[in-house]
Amino acid sequence: MEAILESLALGFSVALRPDVLWFAFLGCIVGTLVGMLPGIGPLAGISILLPLTFGLDATRAIVMLAGIYYGSQYGGSTTSILLRIPGEAASVMTCIDGNAMAKKGRAGAALCIAAVGSFIAGTFGIVMLTLIAPPLAAFALRFGPPEYTALLTLGLIFLAYMSTSSLIRTLLMAALGLLLGTIGIDVMTGHFRFSFNIPELGDGIGIVPVAVGLFGLGELLSTPSRQVPKDIMKPRLRELLPTRQEWREASMPIARGSVLGFLIGIIPGSAHIIASFMSYAVERRVSRHPEEFGKGAVAGVAGPESANNSASTGAFVPMLALGIPTGPVTAVLIAALLIHGVPPGPTLVNDHPNVFWGFVASMYVGNLMLLALNLPLVGIFVNLLRIPYAYLYPLIIMFCVIGVYEVNHSIVDVWIMLIMGVLGYALKKFSFDPAPLVLGLVIAPIFEMSLRQSLIMSDGTWLIFVQRPIALILLILCVLLLALSFSSYLMQRRDWRTRLAEAEAGDRP
Amino acid sequence: MTIRTDHVAGGALIALGIAVFVIGTDLPFGDVSAPGAGMMPKLMAGLLIAFSLLVMAAGRDSPPVTAIDWSDRGHAALLVLITGIAVALYQRLGFLITMSLLVFTLLVVVERRKVLPAASYAVALTVFAYWLFGIALKAPLERGLLWF
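Residue numbers (the working numbering), protein chains in the order written: chain A, 14 to 522; chain B, 3 to 150.
Rather than coming from a laboratory, the hints here were simulated on the basis of the structure.
One thing to keep in mind: the hints can contain errors.
Chain A is nowhere near these chain B residues, computed Cβ spacing over 10 Å in every case [as the list claims (entries may be wrong)]:
| id | residue |
| --- | --- |
| 1 | H77 |
| 2 | A78 |
| 3 | A121 |
In silico DSBU-like pairs for lysine-lysine, Cα to Cα no more than 30 Å straight-line [said to hold, decoys possible]:
| id | chain 1 | residue 1 | chain 2 | residue 2 |
| --- | --- | --- | --- | --- |
| 4 | A | K308 | A | K117 |
| 5 | B | K140 | A | K442 |
| 6 | A | K441 | B | K44 |
| 7 | A | K308 | A | K116 |
From the three backbone atoms N, C-alpha and C, an ideal C-beta is built for every residue, glycine too.
Make a model of the complete structure from these sequences and hints.
In structure tokens form, the structure reads like this:
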């Protein structure tokens with residue numbers, strides 16, 4: 014514990030440097046805007062703005078990008094409450110009761126509860142991250158190739174199990190991502206694979222063009238110009254304070270949402286989306302007045318908002334401790350760290366303590382900043398929603414092109430982004446979720462390397478995966494998850510995933 | 003028989019999986035004790051085909067392919083075409099000219115905005131992006147035809 018506190022002190026000495034504070038602030042502001050604006054989610058936002066960090070060192074870069082990520086969770090609640098438009102998917106549940114509260118004249122209180130809940134949950138998540146990540150990283154140092162292969166397999170199956178689309182569709186997209194990840198030079202034999210004599214493809218397909226194409230451009234292609242929302246509510250500062258009764262109603266949902274969100278956050282999948290849905294379902298289940306849900310229940314705002322922020326922080330645990338992404342956003346953040354020459358994983362804590370602890374400490378500071386920023390400035394932020402979409406999306410396309418080109422100064426990357434944009438558009442039409450594809454692409458090199466190394470180590474026997482205890486336990490978990498998933502399919506059970514899919518599609522849960 | 007969305011999507015992905023096997027014939031699979039460069043792509047192509055077959059088999063519950071709303075296809079095609087032209091010209095014309103033209107064309111051709119406001123907005127936006135990336139963040143942007 015003493016060692017953790019000492020390390021945290023080191024982290025704060027980094028995070029409180031004026032330059033780091035400035036980039037945390039910038040990240041929070043940009044993240045809030047990204048979260049508010051429909052059509053650009055945190056993933057596209059982070060990917061597009063990745064080149065902004067190229068001139069920075071790893072600490073400032075990751076602090077700024079993480080600020081965009083958790084800032085977007087805050088920003089998403091504003092449009093959900095005021096306009097019933099979820100700026101990003103995790104805010105879908107907040108729309109229901111948040112907007113109902115706004116219609117009853119309690120918009121300010123709803124925004125305040127969402128912001129305070131997010132702050133408490135975010136801080137709880139960071140405390141847990143501080144406590145869990147270093148020992149987990151130390152434990153992960155025992156992992157060899159078979160354990161990593163089993164862990165990545167478990168990650169993919171967890172992702173498929175937690176997904177709102179079917180298990181098979183998710184695994185199909187992950188397989189496509191893994192396949193795309195094999196493009197380029199095979200590092201073990203030097204063979205060029207599927208590079209079609211294009212030298213740039215020798216390095217493989219980058220995560221940034223794929224993520225920006227699928228989630229940025231793909232979204233724009235399927236979003237024809239929309240009307241600017243009329244009658245945008247602008248709550249005044251004095252209306253922001255909830256009543257004592259509202260605080261009482263919010264306290265336990267915030268506590269439950271924080272714990273639930275963190276636990277879901279460390280599991281692969283669209284954790285913050287699932288967490289907000291699960292929290293809403295739990296709050297309705299434990300409420301003495303479930304009939305109030307949908308009509309402006311305070312718990313319906315406090316729980317989901319806390320859960321999605323806590324989950325966002327929880328997702329950093331496997332990313333920082335194991336170097337494994339649990340979702341596309343953490344995958345892009347891993348790519349960002351790699352670009353800056355810092356490989357995330359078990360060695361990060363020891364090899365780059367300034368980056369690790371500076372990042373952790375900056376999250377405490379960033380959460381405080383968001384609380385201080387979001388409430389007083391909400392009136393200014395909502396004005397952005399008045400910008401006609403027709404003027405907004407050319408800006409996003411321009412940033413997509415610059416963002417992708419500046420990573421490697423490669424025009425091939427920009428063409429890949431364009432192709433991925435079309436693929437993202439088609440996947441949307443055919444109801445496929447592109448997130449597992451991105452995840453598959455990111456883990457493909459580690460997965461292939463660890464699988465092949467395992468087989469070479471074992472002289473060609475697959476039994477190596479069941480002879481080593483950690484790998485065996487991870488594989489047993491895989492089998493259990495698959496069995497659970499198939500049993501729900503065979504029994505045609507309408508579980509939480511079905512209800513979440515319905516909620517995302519716009520129905521009430 | 004009604005053709006459904008999952009039949010079409012599954013069919014397309016099976017074709018992709020087969021294409022990987024065909025294109026990757028020169029990649030050695032190796033053996034289990036010494037896996038070759040072709041092992042992972044072929045394993046993944048096999049999985050892709052297997053999962054696609056399962057999606058197709060369960061496809062009777064998916065909506066008919068005719069039910070897909072393609073009303074946004076014109077907008078999407080224009081965006082791809084205009085962005086594609088901009089990408090093709092980017093290194094030749096440089097950042098300032100290409101991006102101004104890209105934004106201007108999107109506003110005038112796709113959004114039917116008036117020429118003068120569209121041109122002013124396109125130039126202002128591009129100059130702002132140039133300042134942000136090229137000057138404030140010192141990212142080397144393509145000069146193209148211009149000298150700065």
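Taking the hints in turn, this is what the structure says about them:
1. With a closest Cβ-Cβ approach of about 5 Å to chain A, H77 of chain B is found to fall inside the 10 Å limit, against its non-interface label.
2. The Cβ of A78 of chain B sits about 4 Å from the closest Cβ of chain A, inside the 10 Å cut-off, so the non-interface label is violated.
3. The claim that A121 of chain B lies off the interface holds: its Cβ sits roughly 13 Å from the closest Cβ of chain A, which is beyond the 10 Å cut-off.
4. Between the alpha carbons of K308 of chain A and K117 of chain A the distance comes to roughly 9 Å, so the proposed pair stays at or under 30 Å and holds.
5. This hinted pair does not check out: K140 of chain B and K442 of chain A have alpha carbons roughly 40 Å apart, beyond 30 Å.
6. Taking the CA atoms of K441 of chain A and K44 of chain B, the gap is about 27 Å. The hint holds against a cut of 30 Å.
7. For the hint linking K308 of chain A to K116 of chain A, the alpha-carbon distance of about 9 Å falls within 30 Å, and the restraint holds.
Violation of the numbered hints given earlier is confined to hints 1, 2 and 5; the remaining hints are satisfied by the structure.
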